[in-house]
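Modelling step: build the complete structure from the supplied sequences, incorporating the hints.
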Amino acid sequence: NAGVTQTPKFRVLKTGQSMTLLCAQDMNHEYMYWYRQDPGMGLRLIHYSVGEGTTAKGEVPDGYNVSRLKKQNFLLGLESAAPSQTSVYFCASSYRLTGVDNSPLHFGNGTRLTVT
Amino acid sequence: GNSVTQMEGPVTLSEEAFLTINCTYTATGYPSLFWYVQYPGEGLQLLLKATKADDKGSNKGFEATYRKETTSFHLEKGSVQVSDSAVYFCALGRYSGGGADGLTFGKGTHLIIQP
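The listed protein sequences correspond, in order, to chains G and R. Heads up: the first sequence is residues -19 to 96, going by my numbering. Heads up: the second sequence is residues 14 to 128, going by my numbering.
In case anyone wonders, no lab produced these hints; they're calculated from the structure. Among the clues, some could well be false.
[To be verified] 30 Å max Cα-Cα, derived DSBU-like pairs, lysine-lysine: (1) R:LYS120 with R:LYS90; (2) G:LYS51 with G:LYS(-11); (3) R:LYS65 with G:LYS37; (4) G:LYS(-11) with R:LYS120.
[As the list claims (entries may be wrong)] Not close to chain R: a few residues of chain G, all C-beta gaps over 10 Å, as computed: (5) ALA(-18); (6) VAL(-8); (7) MET21; (8) GLY22; (9) LEU23; (10) GLY33; (11) ASP42; (12) TYR44; (13) GLN52; (14) GLY57; (15) PRO63; (16) ASN89; (17) THR94.
[As the list claims (entries may be wrong)] For the chain G half of the interface with chain R, some residues (derived, Cβ under 7 Å), not all of them: (18) ALA4; (19) LEU25; (20) PHE70; (21) TYR75.
From a predicted model like this one, the values you see are computed outputs, not experimental measurements. All residues carry an ideal CB built from backbone N, CA and C; glycine is no exception.
In structure tokens form, the structure reads like this:
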């Protein structure tokens, strides 16, 4: 029962470097999401996808890009990392639209990213 | 826009105490409401949900009632255990007909239960 798997678990970047966070789900879910969690801020939606080949912006999309080339994978990219992107990143998936159909979100265990 | 306000933490209680974590919301229309729980080192898990006014969600001894008149969704448990120590997030559905999806989360309430 893997569920939602995120890699890597930890990463340290220098300002200006790039990286890609990988999210994989084995539940055949149509919808996938990327959130960031910051102290005192809760979780904020970065981007989401309603199906293979689609992406959409969330609340805080600037500085990030995403791709959904395969249904089971959702990639989050940072082209030029900044200290403000230091955060814990969570990927989630759902069977139906979570905001519309009340389908629960299934979360991965997170990636802790530090940008120095 | 939509927003969720939760009581500040940490909340520290003794085992078997009664728990209330307050949550109020601002939203367009009548969104669904959720409580998620995050244990140390893990992602969030759905605890309970309510989809319309006066609905009561319940799970693992926790309850919350969707109160439209007070725009609230307070989380309660009659007798907490040490294993309930975690961070609790109130959330509401973002969808408002404009195509956006996902959930809007509160900032989270850290609950600490002492034996």
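**OP:** Please name the hints from earlier in the document that this structure breaks, with their numbers sorted from lowest to highest.
**Re:** 7, 8, 9, 16, 18, 21
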